[in-house]
Structures are given as C-alpha cells and as structure tokens.
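Chains as they are written, first to last, in this note's numbering: chain X, 1 to 253; chain G, 1 to 253; chain Y, 1 to 253; chain D, 1 to 253; chain S, 1 to 253; chain V, 1 to 253; chain P, 1 to 253; chain E, 1 to 253.
In case anyone wonders, no lab produced these hints; they're calculated from the structure.
Only pairs whose alpha carbons sit at most 30 Å apart, straight line, appear in this in silico DSS-like list of lysine-lysine:
#, chain 1, residue 1, chain 2, residue 2
1, G, Lys171, X, Lys171
2, V, Lys171, S, Lys116
3, E, Lys116, P, Lys171
4, S, Lys171, V, Lys171
5, D, Lys116, D, Lys171
6, G, Lys171, G, Lys116
7, D, Lys116, Y, Lys171
8, D, Lys116, D, Lys17
9, P, Lys171, P, Lys116
10, S, Lys171, V, Lys116
11, Y, Lys17, Y, Lys116
12, P, Lys171, E, Lys171
13, D, Lys171, Y, Lys171
14, P, Lys116, P, Lys17
15, X, Lys171, G, Lys116
16, S, Lys171, S, Lys116
17, E, Lys17, E, Lys116
18, V, Lys17, V, Lys116
19, Y, Lys116, Y, Lys171
20, E, Lys116, E, Lys171
21, V, Lys116, V, Lys171
22, S, Lys116, S, Lys17
23, Y, Lys116, D, Lys171
24, G, Lys17, G, Lys116
25, X, Lys17, X, Lys116
26, X, Lys116, X, Lys171
27, X, Lys116, G, Lys171
28, P, Lys116, E, Lys171
As the structure is a computational prediction, the values presented were derived from the model and not from experiment.
8 protein chains.
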Amino acid sequence: MSPTQAIALLERLRAGKTSAQAVLRVFQAAPLADLGFAQVDTHRNLRKGFPEVIFGSGKTPAQVVDIARHIWRREGRVLVTRVLPEHARVLRRAFRAAVFHETARCVTLERTPLRKRPGVIAVLCAGTSDLPVAEEAAVTADVMGNRVERLYDVGVAGLHRLLGNLTLVQKATVIIAVAGMEGALPSVVSGLVSRPVIAVPTSVGYGASLGGLAALLGMLNSCASGVTVVNIDNGFGAGYAASQINALASEKP
Amino acid sequence: MSPTQAIALLERLRAGKTSAQAVLRVFQAAPLADLGFAQVDTHRNLRKGFPEVIFGSGKTPAQVVDIARHIWRREGRVLVTRVLPEHARVLRRAFRAAVFHETARCVTLERTPLRKRPGVIAVLCAGTSDLPVAEEAAVTADVMGNRVERLYDVGVAGLHRLLGNLTLVQKATVIIAVAGMEGALPSVVSGLVSRPVIAVPTSVGYGASLGGLAALLGMLNSCASGVTVVNIDNGFGAGYAASQINALASEKP
Amino acid sequence: MSPTQAIALLERLRAGKTSAQAVLRVFQAAPLADLGFAQVDTHRNLRKGFPEVIFGSGKTPAQVVDIARHIWRREGRVLVTRVLPEHARVLRRAFRAAVFHETARCVTLERTPLRKRPGVIAVLCAGTSDLPVAEEAAVTADVMGNRVERLYDVGVAGLHRLLGNLTLVQKATVIIAVAGMEGALPSVVSGLVSRPVIAVPTSVGYGASLGGLAALLGMLNSCASGVTVVNIDNGFGAGYAASQINALASEKP
Amino acid sequence: MSPTQAIALLERLRAGKTSAQAVLRVFQAAPLADLGFAQVDTHRNLRKGFPEVIFGSGKTPAQVVDIARHIWRREGRVLVTRVLPEHARVLRRAFRAAVFHETARCVTLERTPLRKRPGVIAVLCAGTSDLPVAEEAAVTADVMGNRVERLYDVGVAGLHRLLGNLTLVQKATVIIAVAGMEGALPSVVSGLVSRPVIAVPTSVGYGASLGGLAALLGMLNSCASGVTVVNIDNGFGAGYAASQINALASEKP
Amino acid sequence: MSPTQAIALLERLRAGKTSAQAVLRVFQAAPLADLGFAQVDTHRNLRKGFPEVIFGSGKTPAQVVDIARHIWRREGRVLVTRVLPEHARVLRRAFRAAVFHETARCVTLERTPLRKRPGVIAVLCAGTSDLPVAEEAAVTADVMGNRVERLYDVGVAGLHRLLGNLTLVQKATVIIAVAGMEGALPSVVSGLVSRPVIAVPTSVGYGASLGGLAALLGMLNSCASGVTVVNIDNGFGAGYAASQINALASEKP
Amino acid sequence: MSPTQAIALLERLRAGKTSAQAVLRVFQAAPLADLGFAQVDTHRNLRKGFPEVIFGSGKTPAQVVDIARHIWRREGRVLVTRVLPEHARVLRRAFRAAVFHETARCVTLERTPLRKRPGVIAVLCAGTSDLPVAEEAAVTADVMGNRVERLYDVGVAGLHRLLGNLTLVQKATVIIAVAGMEGALPSVVSGLVSRPVIAVPTSVGYGASLGGLAALLGMLNSCASGVTVVNIDNGFGAGYAASQINALASEKP
Amino acid sequence: MSPTQAIALLERLRAGKTSAQAVLRVFQAAPLADLGFAQVDTHRNLRKGFPEVIFGSGKTPAQVVDIARHIWRREGRVLVTRVLPEHARVLRRAFRAAVFHETARCVTLERTPLRKRPGVIAVLCAGTSDLPVAEEAAVTADVMGNRVERLYDVGVAGLHRLLGNLTLVQKATVIIAVAGMEGALPSVVSGLVSRPVIAVPTSVGYGASLGGLAALLGMLNSCASGVTVVNIDNGFGAGYAASQINALASEKP
Amino acid sequence: MSPTQAIALLERLRAGKTSAQAVLRVFQAAPLADLGFAQVDTHRNLRKGFPEVIFGSGKTPAQVVDIARHIWRREGRVLVTRVLPEHARVLRRAFRAAVFHETARCVTLERTPLRKRPGVIAVLCAGTSDLPVAEEAAVTADVMGNRVERLYDVGVAGLHRLLGNLTLVQKATVIIAVAGMEGALPSVVSGLVSRPVIAVPTSVGYGASLGGLAALLGMLNSCASGVTVVNIDNGFGAGYAASQINALASEKP
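So here's chain X without its partners, still in its complex pose (with noise of 0.2 Å):
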C-alpha cells in the first residue's frame, strides 16, 4: 500500500465510506511477512512509497518467486534486480505478468503500471558495455512511474556525441550518467546543466581500472559541483534516486 492509497484510504474514512474497523485491520497488519530465510518489509511502500526490490542475486529462483508472490498479492507491482536467466524463466513461468527486460538483468511485474510524472530522467552512459547498467537504472526510473530518455555511448573522448545532444541533457529534470574506465562523463556534463546529476561508476576497464574503483574515486572527486555518487553497477540504486528526486519535482511545493 503506496502513500497514495494510505490516503485515499482514510479519506474515504473521513468520507464515511468505510468503517473505523475495516480501516484498523489494515494498519494493524503486522509489517513483516515472515518467509522463514526471508522477512518480507511489507510496510515499505507506507515508508519509502515504493514497495520493498528483490536483489535477485544469491538467491534461488524458488526464494525470488517466494517472495515476489507476497509483494505482488499486496502492492501489485515487483521489481526484481540482478536476475540470471534461470530466474527470468522461473518468474515468467509462475507469474504472467512478468516482462524480462534482458540487458538490464531486470524482471518487473505491474498490475496497472504508475501514471507518468511530469519530467524527464536523462540516462547518459559513456561506452557500449556500460549498457546492462545504464537499461538497470531506466528500468527502475521507468518502473517508479517516470519518463526515461536514453542517450548511450555518448563518452568523453568524443564530445561532440554529448554536445550534439545537448538539449536532451539541458530538459532533464534529473540526469543519471554512466561511465566505467576514468569515469569522466559525469563531469563534463554536470559542468553543463543546473540539475542534479547522479554518477555510476561502472566496473568496464581493465588492470588499473581495478574493478570500478578508478571510475569510482574519479566521480568522488569530480570538480564539477552537483555531482553524487552511487556504488560501482548500482543503476539500481541512481534509478530510484532520481525517482525519489523527480518525485519532489512533480509536488505542489
């Protein structure tokens, strides 16, 4: 149960159009769904207005489904992270609505998807392999009810792929850049804008790339002011930032 509803729930309360104890029974449900391997944050959508994601790596297809059943029979959309064909094909089996969006490693599942918010997130990734991590982070902005525009392999060794696509960056409400190697992107664009923007640092290199780390440190120590900084692959993590960002930018102040 999203903020939203909680809302419309005791509107209708005030409204008389259901009763105290009807009303009650929701909010005394028990926050927790216990799974035995897994406690389930079922009061997460209250919390956080998006209900709890599965990381799906490390876990057995079975758990995923598990878990994904409870999610879906209360909130009526699923976000699964991180997932390995062989639970791509368990929770398309057990669940029809589920759509595998294969490079970003993503499976969701909605009821009635979210109405669009108002602005735009930017997805810019600097080279052809950032791509499974740039799809994570659209998918799960797209998911959380934003518009996603894509803007890939846009990197700096070449700065008139960025700078032809300028005004695509410059409308963004939010912009989540992508780079692996020297990790330099988020820089040069947030040099350019006046919104957030959200830097991934992607593990794509080699020897001193030492995993990520290079990008990683470079995006920390970005001299362009604005910048923020997610873990090394965690388009996941800059997706659902920029949401919760966007999200501010579509309220009534």
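Got chain X sorted already, so can you dock chains G, Y, D, S, V, P and E onto it with the hints?
Chains G, Y, D, S, V, P and E in isolation, oriented as in the chain X frame:
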C-alpha cells in the same frame, strides 16, 4: 547573472523597456575573467544557477580576494569555502559584507540574500566532531536560498536521539546525513523516509577508519535505497546538490 | 579429553578408584597424532576446552576423514567447517553419526551432545544472503554446548524488524551480529544492549564492498562500545568466541 | 543511573520507601541533555551499564568539561579518553576528583569506585611502544569495576618472556593482547588458554606496517580460535568489551 | 658534452682541426665524478642528450651546490628541481647565473640557452592549485630548448575555457595536461587532437583523491587513445618526455 | 577520411577538379553513425588521424561486425583489439580481408596498407608471458603505418640479452618496453637511450604482483627520465601513442 | 656449465689435457639460445651456479618441452616449477628422466644428481594447506644439492608442535618457514635460532587474508631479527635463496 | 654472554678451571631484566648470537640509557638504532664509549670490537637519498663482526656505474641492495652474481611510490632468483640477516 535575471532582462526587452543593443552587450561579455593565475568562470551563474564558488584551500588570501572581487561585482553573491582564519581576516578587511562562519570554515558575501524556497533541507550529523562538515553543508544550502534545519550528534549508537526527532527528518524535502567512523547514519535515516538522502562521509576516526574511507565505503554499500554519496568531508558538495534538488521541488512542474 | 574429564579422572585417583599408573599413561600420550600430512593436536581439548576443529576447505575428502577419525576416537565429538557436498557425502559414508548442516556448510559428529549451558547466544543477520555465515556461527555455538536463538534478515534499512524483536536480543548472554554491505547492524544492536556483541562481516555485496572489506572496516570503526570483530565470513570464529564467553557466564565465579 | 541503581529504586518503591510519583519523575527525565554542540546520552548507563564515555580527541577542553559536568552530576563517574595534557590540566582544575593517567592518556572521575568483580582481566602487550594502548585498556577495565593484571613487553620474538608467566595468563577470565608490527601475540596466547582473547592491533611500526594495518590483518587471520579484534589503537574498546565479558562471569547464571 | 658537441668534435678531427690525442682525452674521462655521497653521471649528456638533472628534495643545500658545480663546469647547463627557498638562496649565492623559478620550485643555470626547436609544447592545467606542477613541466621543457605555451585553469567543469582555446592546443606538437581531483582533462584534450598527450596527475584534492591516486588511475584508464602518464606531481618527467618527443619532430627524418 | 584525404579533397577543389557542393556534402555528413547500441565516431580519422578502433572485449561478435562494417565502408581500415577466437571466426566470415593476429588477440582489415613511415618503433618485452601485450602493441603500430622491430624475452635478470642488442634499441625512434613482475625493463632501457620510452606494465606474475600493479607502480617511479606509462596490459595504447610520436618524427618541421 | 665445471675445464687446460682451441669454443658459444618465443639464458649456470629454471605457468606444454630440451642438452639438469598435470604428462613422455613432484607441482630432470652439501635446510610449514608451497621449496633446495628436512603443520596455535621439534630446527643451517593466514611462524622460529630464516607467505586463508597479503605484511614486520621474505607462494625463490646461503656454509672460507 | 663465551665457560669447567656452582650461577640468572617499562631479553646473545638491539624510535632518551646500561654491563656491546640527535647526546653523556653514526642514525658501544670474519658484505644503494638506510645496514653488519664494502649511488638509470664496479660486487659473500622509487637495483645485481642478495626498499620517492610500497612490491616480484626482502627502510634487518649468512660462510662445515 542568474538565469532568473537573464529571463527578466529578456522580458524587459520584449516589453520595450530596454534596447536590443543593451541586451547584446550583456551577453557579449566574454564568459571568462582572466586573472593570470585563474580564469574566473563568469558564465557559471547563467549555466548552473549559482556563481562560481571559491575553494580557499591552497590559495593565498590575496588570490582569494582578487577572485572574490570579480564575482562580487558581477553577481553580488560570493561563497568561499575551506578558509583559514587568515583568509577570513583579509576578506573581512576587503569587504564590509563578508560574514565568517567559523565552524563551517566559510565566508559568505550577499548584496541581498536569495528568497528562501518553500522546502526544508535537514542536515544531520552523527557526532560532535562531524560539525565542521555539517556546517559547511548547512551554510552552502542557506546561501543558495534554502531553509535549513540542523539535527546534530544523532549517531546510531543511541538510536533514541534520532527516533525522537523523526518528525523533523520526515518533513524535510532533502536530507544530508554526515557521519565518520562506520558511517551508518544515512542507511538508518534512509530506511525511515521517502525523500532523497545525500550521505557525507567524514575523516573523523582513527586506525581502520583510513581517513574516512571506511565511512565512504559503508555509505556506498548502503542497504537502503536512495542514498547517494559525495567525497569525504565534502559538505559543500552535499549542500550544493541538496539545493539543486530542493530547487526542483519548488519549481512548478 | 576435556578439562572436565581430566579433573574427573584426577578426582577418581584421589578417591582411590584408579591407579597412578593409569593416570600417568593418559597424560603421557603424545599430544600429537602424526598423519604425515597433518599433526592432529590431540591436546587441544584439554588446553582449549574443545577438540581441534577441521577446516574442510582445501583438504581432500580422504584427508578430512582421516583427521576426523583420530578426533572421533579420542573425543567422540567432531566439527568440520567449510565442507563441500563431496566432503559431506564421504563423511556420511564413513561415519553413521555424521550430520550435514547444508546452509552452514558444516558436518558434526557427536557421541553424546554436550549439556546445554544456561545462557543464550543470539545470532542475528542483516540479509538473506548472510545466512551461510550466520548458520556456521549457530551450528558451531550449538555443538559447543550452547542454546542458540536465530533472528535473520533484520538489516538496518527496516529498523522495525529489529526493534520488534528487541526482547529476544536483550535477553541473550552474547550476541553475534552478521552483516555484509555496509555492516551497520552490530553498531545499532550494540547501542541497545549491555552484553558483548561479536560482529561478523560477510562478503555479501558488490563493487565498493570489496569482498567484505567495507563491512569489516565499518564494524572495526563502530561508534558503539563493546563490539569486537572477526574475519570476513568467519561464522565459526564468532560461534567459538561466543561459546567461550557464554561458558564464563555459566561458571560459578 | 546504572541498572543496579534502577532496580534498587524500584525495590524501594515495592518496599513502600518511596512514592510512585518520585519514581516516575526519575524515569520521565529526557534521555538526552542537549548542550547545543552535543547531545549527552544520559540514558546510556541504564541501557549499557556504564555512562557515556567522552572521546577527548578533537574536542576543545571547554567542551570536554561541559560534557563531563553533566555526566558527573548524574552518574558520579566519568571516563575521558584520548586527552591531551591541555585537556587534563583543565579537567583537573574543574574537578578535584579528576585523576590523570598519563601513559593511558585518560582522565577518570569517581565519586565512589565500583566494587571490583571477582574475575581478573589480563592485559598483555608485545613491546614498550604499545604501552599507551595497553594502559588505555587497563584504565578502562579498572574504572568499570574489574581487577586488572598487566604483563608487558612479552612479544613473540622472545617466547620465554610469555611462557615464564603462563600461570598469570591462564588464571585470567579475559585476556587483552596488544601488539603492533606483525601482531602475532594474540595467536600465540589464544593457543594456550581457553578464555576469550581480545586482540588490539597498534600503529607501532614503520614501512609495511601501514599504520597498524599489518597487525590488524594478522589478528583477523589468526589461526587460533576465539580471537576477536578491535580497531587499531583502540585500547578503550578492548577494555570495555573485556569488562562486559567479565561482568557475565561474575553474574549468577 | 651533448651529442651535438661530440659530433662537432669528431668533425673537427676529420677536418684536421684537432689531434686524435685531444679527442681521445675527452672520451677517456671517466663517466663518473665521485663526490663521496654521490656519483655524478657525467656521461649522461652524451647518452641522453641532456646533463644529469639534480632532484633537490632530500639533499642539503651544500650537496646540491657541489653536484651543480660539477655539472656546470662540464656542461654549462644545470637544472635543479624540487628546491626549497633555502636551496635557491644558497645556489644564487654560489652561482651568478642561477635563476630561481619560484612557482616551479626550480633553479636553472645556462651559460648559453639552447636554440629553440621549431615545434611548440603546450602545457595545460585544470586548476589554480596545479600551477607548481605545470610550471615545473614548462620550465623543464624550456631549459631543454623548446618553445612552451601555457594554458592554465581550463578544467572540464567549464568546457568553454578549453574549447575557446582549441587553436592553441591543436597547433602544439606535444601537449602536457596537468590535473588533480578526477583528472579528466587529458581524456577530453586527447579526444580533440592527433598529437601525443602526456598526462600529469597532481596531488591536488582531498578525501577520496587519495593524494593524487584518483587522478592517476583516471588518466591510466583514459578512454582516449594516445594518452601516456607520468607519476603524481612529476612535472619534470612530463617536460623531459615532451622535449624528447619534440626533438624527434624537429630532426630530419 | 584521414586528414591527408581531407586536404587532398580541398586541394582538388582549389584546382577546380571538384565542385564546392561535392565538398560540402562530404563535410556535412553527421559525424556519428547511430547503431542503436553504439554511436560510431565517423569523424575520428579526421580529428585523430586514424579511424575509431573497436575494443572487442564485452561486445558480441554481431556487434563487432556491425561496427566494423561502418568503419570499413568509410575508411577501408579497421583494427579490432581484444578479440576472442569466436570474434575472429565471425569477422573472418564477414570480411574476406580480415587478418587474425592470434598472439596479439587482434583482427585487422586494410583495403590498402598505409605507407610505412621512415622511423622504427622497437617493441621490447621482458618475458615470454608478456608476448600477447607486446604483440598487441606491435600490430597496432604496424597497422598505423610504422615499421616495427621486436626484441623479446630480454628481462633485466639477464642483462646481456638486452646489452647484446643495444644497437637495435638505440636506432629506434620510439621504444615500447613491456614487462610484468617488477617492471624494471623500461628504467634500464631508458637509461641507455635518448628517445622516448613508453612503458607497458603487464599482469604477468602472482602474489604481490597484484595483477600488474607492482609493475605499474615501478614504471611510474622510474628513476630514468623520459619514461611515460600506459595502463596494465594496454599494448594497444602504447602502440597508438608510439605511432603518434613516430608520425611527428617523419613530418617536416 | 656450472662454475665448478668451468674451473675443471680450465684446470684441464693448465694440465695440458685439452687444447686452448677447445676451451675457446666452449666460451665462445653465444650465451643465448633463441627459440623465437624465448631466449634461453644458457650462460646462467656459469653466472649463477644453476641453470635457468623454467616457470611452467602460462607456457604451453610444447614450449616447456622445447626450453627444457635446450637446457637438458647443455646442463643435464632441469627444474620446471608451477606445472599443471598436462605439463607433467608431456614432459614425462618427452624425457625418460622426468620426475613429477605432484604436491610441489614441479618436474625435475637430473643426469646425475648433485652431491649433497654438508648443511641441512629445514622446511617448516604452519598448516596442511601450505604443503604445495613448502614442497616447492623443498624440491628446489633438494635438486640444487642440499639435504632437506621437513617439519609440517607446526602453526603457532599449538606451540608444542614446534617446541617439541626444536632440535631439528636448531641444527639446520638455514630455515624456510612457510605460513598463510597471519604468518606468525617465522617470527616465533627466528626468535629461537641464530640461523637465517627465510619466510614464505602463502595465499592460504580467506576474507581479510587478501590472497596472502596479510601473511606477507606480517612477515615483513616481524619483530624477530634476521627474517627475510619472498613473494607470496614463492616456494621456489625461498628454496633457491636457501641453497645459495647453504652453499656459502659449505665453501671453505 | 655469546654462544662462544658459553662454550668457553663449559670448557673451563671440563678442564677443572671453574666449579660447577659457578657455572650453574651463570645459567641460573633469569633470562630477563625487568625494568618496569621493558623486559630486557638478557638471554638473547646466547640464543641468537648477538645481544638485544635497542630500537630508539618512540623511546625517551632516559629509557634508552636504562636499557643500554643493562646490556652494556652484561655484554659489553650495544647497538641502538633509529636514534634522534637528542638520544645520541644523552647516550654519549652516559657512556664514554658511545659512538654516534650520524647518517646511519645509530649509536654503538663496544668494549672490544668483534674480530672481523673472513667474508665481505657489500652494501649497494641506488641514490643519494637512500644513504641513511644503507648506512644503518653497514653499521649493523660492522658491529656484528663483518667487513663491509660500500658502493653508493649506482641506480639502474646509469648502468655503467654498477657494471664498472662489478668485481667488488662479485667478490662479496652477501650483497645488500638498497633502493627506493622503482627498486630495480636488486634484480639487476642478482642477475649478475651467485651470492645471496638481500633487498631493502626505501621510502624515497613521492606520489605513486606510496611511501616505499612501490619499491617493496618490485623487489618481491623480482624476476631474478635468490632475492629476499626486508621491510621498507629496514637497513638494520638487512645488516643483521647478512651477518647471520656471512657467519655461516666463515664457520667450518
């Protein structure tokens, strides 16, 4: 000249209150003031929404005053960070308007303070030693036109200090969570709210804190969604990004 | 032979129920069983209160069985950690008594289980992926004669999962807190109780988790007093130390 | 107010020696004393069994005195660690009761020292340069009500220094082993006893000691079971944890 | 004696203008001047094209003067890098010809400056704090006989500062790009030109800049082809390599 | 289209051999070929003097063929690095002209090979295991129009192997020195010649070689002047930079 | 040809048993056998006292056989380290004399084994998992003509295993101490003897052992004088150095 | 009392020149002199062949004098390393015999210097800044009874400096090679001789030298067989180990 001022100027042209020549002259000015040792980016306010900020550390007091003078003349608003007492002394002698924020190690100059935006930026810190970084964030957010609420010394080893102030935290538009040592504060805070949380690791600690790296790594690995991170001790960067986000919240969609 | 057995033997001598020669023979036995590739420390139970534990990783199934046989004969109690399914299979074929704890990756053999001590060791973990490490700790503590209570998936991103089980945590004599990623659980737990907390970082995470180093550093820098730390993924070490501490609690002062 | 004092108060209520109102007033007191720059956790003694400890490093002498005054009034017992001579001087001027432990870099204030518990905490260190850390551990354990025995300069390069004092080590309830450089002392000690060993790495060394990281890593990888570790130079943490463990040993099961 | 001088000497022999004995004496001189604490490599000019350069840091002023005297007598050209003001003072007292380049922290002595080669070495730096390193590169390249053009404070957060000077950059034979923090400047520059770019990371920054490691790693992982890197703050090395390259450009093929 | 081709086209216009319209059309072509997953930088040859190079690692064979086709059509020259046998197989099926350099892990396509420049690039490597990296450098330099001489297995543990081939090394215009383990080769080589030395650390080694970091650090700290460094295993980057330098040497000043 | 053989040859010349021409031919042979992919250092026996050793890892079986054949023909003695079973199989097919030391992962070929020197090299290891490294050291020392005594599984967690074998350790000329995890064995051993101790860290361990770095750092920081260290897992290097030292001990002064 | 002295004493007993009681008294003396802050290991000479060495760094001058007095009385031979000028001043006032080796930062006291052993220890260093470490090694080896030859400033950037002194290096029994920066000297030296080479990395360098780690890693990865390594700047350790090895060379087999 901020974007707002530029738009006002163009509206005056449309309204016939100024000549095209006068407008042209304003935009023709070179976007750089070359001081020899520095190229002041006089175009930054128009592009980013706030004039270039002076990083005091490593500059002589005379250099800081020179750069400040250029920005002050054009913009009527200056922020100098990481100042030593010597910088502050010289700046106050050079500018009547200079205000020294001692704990924050900042000097601000404002001809007319910016109108405060509707939202609130909450600045939390875990311990007393994190104050300079937290104050740098607070002063930055304040001078950029935001209302700021401070909640200090609320580290996770005494959860009731945080939980007892939950209302303040939950009503904020954006939260800046500053912590050294293990840096757990942002995770706990982010689990409790639906708003963006910007985490600032500090170099507070010793031994295995590795000058703030432990806190930085902890924050990057936060199990709570929506946390983004800036460099160790980078209160300014957090305040700047928080202001950009809060600005979105107060724009009309 | 455990210290208790040794004291019993000496008491029997004092009571005239055995001869000095018989006692001498027992203590004259060399404190080593030389298997060529390993020197089994047969003296360890007398010195440390529990027989040598077999670290399965990197040993062939045959080697593990050989060492286990020596300890089994003398002590009637064997703990093998970090076993692969292949180790477990061969051990179960060699010993009827062998029990395979699959999630914990341990095999135990007990002629007669130890009497449980009065106190309780609570084993907490932050996420589902931390289970193997938490179970290794739990199985170790259990086979060493302690009552164990498990509380899993109570990471700090959903504080109510932990706070709702505070009684269980507060009644424990010793607490083992297992967490990967930013490793904040031990700090929060230790702030709530007056008992010793043993923190176990896990290698759960990716990117800047650096194979568990982020969690390890976080725990070493805990702002809560009384937290001590073991190696990444070292559930066994935590269970062992917790048992030593709990043994103190149940001794007469 | 310690747990013992709280229970005494409640017993007095049950015995009719005080009124419910008086008791209520005590518990109603806010668990925080807000000093502006710090929120003193006045609830900590009740929750953790010992009042909040003041970490002197990075605080001004005036701040330390302010916080100490609040704790002193409520608890009659104060421990300040990592004090500079200047802190010590000002504290001794402010409080007659202040005792400066110079090598330990601690100041203690005690209205009435705590009754010593039955067990013994042994504090061992490997070399002369480890003394400040070892003494911080010893002073902490002492002020928390434990008997402490010191055994210094017993590094593993001269084993007879340790083996010649084995009785002292073996009779201790808990052992704190402090060592810099390669940090091998805890492994050797833990191989010889069945009691918990808390290892404290120190920053003593040069070059590849990496400020104590070599010792820390060595201790975390100890091949001896039952060793737990605290941060580099964290004598206080070791003394605190040892006291928590020793307290268990002297409680009735 | 430089290669040019050696060839001239041999041509004079061929032309009958000097005797074989005289030439022999020159080449028979031992390639070392043994000063006790140092073995001056008097053969270096012949082998490398420039006399041995004195690294001032860690040497006493007297040692620097002694070594400088040997080189000055033989070569008439001395470069001392990393000098403290004290070194400069003593060198100027010892040699009339000594010139102190304060920002560059270098002293040069030249009997007759080298003829400038045709090409241009462009020295770029990202920020004001990078100046000492950039100047060390510029002074080194200059004293080795190259024309140098400086373009300072052109970091990627304000791209127009760089793009507005593109002609200068594109006409250079070799480019030295100096930057601290995230070190993105060389990538952007190298994407715009076909000439060799030598990247110099600086220790400018704080926190996660790790004393220049972030910039170093960024430059090593540059996505732009043709970037080579020298040690952190090694302006001298960059100037030296640039001169070697520029020398190639002015030789006849 | 390379700069040479562009200049030729413009000369043809001046000579009246083509129309302004035809020239315009050529330059009007968008500098990007958008393949969806990649934006091929078709402008690069003009800007950098060589077409975009395809980094095979992490791309599917189909993606590599698609990108190669675009470059092949426009430029008649393709270099693909870091190919797996599978990439090579598919490329050879798609293009008759494809040549697979197995040790170098490269595929090249050339309609007409470039005319060789006058200078020589010497590629040295320290051990047999460094061959793949050395060959990547050699193939890159060769396809970019340079004459290449190889000198392999000349590590510093047997100096006579290097000193016996000094003539070859000294006659080269540029030297690429490839080494793993301690990476001492470039220092020794650079001490013997006056030409630029490009050092390539390799990941050859084990234990404290840290995947090539030991060699990288060694090369960055070279005591010999004029050494510049590229990323670990980056043979391509060294070959590319060496070609840029050698091109300078063969241009008319 | 070893130095002994060379001296014997020269003595035969002096004794008139061979001609100067024959001797000359021997020394005129080029000190390299160029195999294309490798330059076998045929001079090494003369210079170092033992023929070039083949590091099998990363070479194809065919390459290993080729190199081995050259050394075998000239020297009648070959040591191949780090062989895979495949290497061993092919070597045994190629050479009747090939002996595969499975635990040590070495193959040796000896026409006539070297006469054993008088002293003894003791090889100690801490745990069963360290055996491959310890055996590599033992096989190397053995083939180089030394008597070797092994003492395995004597880690410091059970000191009596080491102390019970002190005589063996104390009578050795040189001691090789192999250990993973915290690597404390060399410190303890070196404190007990006056002979050189060569420490070999192994990659045995997990988590904070960092692939053997913890053991390496521990050994480098040993508080016992006279410990020198080789690379992680470098049993060969330790055996080689121990043999060089033992050779000194058996030379006449 | 050294082993030689002990054997002499026992021979005197056998020869009837002393009584068993007198001998017993000597051996009964406790192997420790307890100074409160230190336990002087008075047994060390007997066990290790040289009295305990005093590491001055971090000890007060008074402590150093106290420990020195105990060793001086029993042994007539004292070595204090890492002394500050203040230590030296106080030691010279306390002991007439004290000699201050300024560059080596050592003080020695010798009643009668040890007879020099036959072999030679060669101490090489790469640069002038490595002198303090090289001298510490040389002074240590000298006071332990070895003849020492120094060869300084022979870094690999000017190979002729080393190759021109090859005879000196080749005639040494043991070689100590001291180098900072890339630390390549030991590899080159070890490739040229058959004697043991002890490598000492120094903290000389800046930036990516990481306080000597680059040199340390380089030496551990040496491609030359027979190199063993000590801690960064540990000249004493190298001198000590070299003396142990040289002692072997001069013993009768």
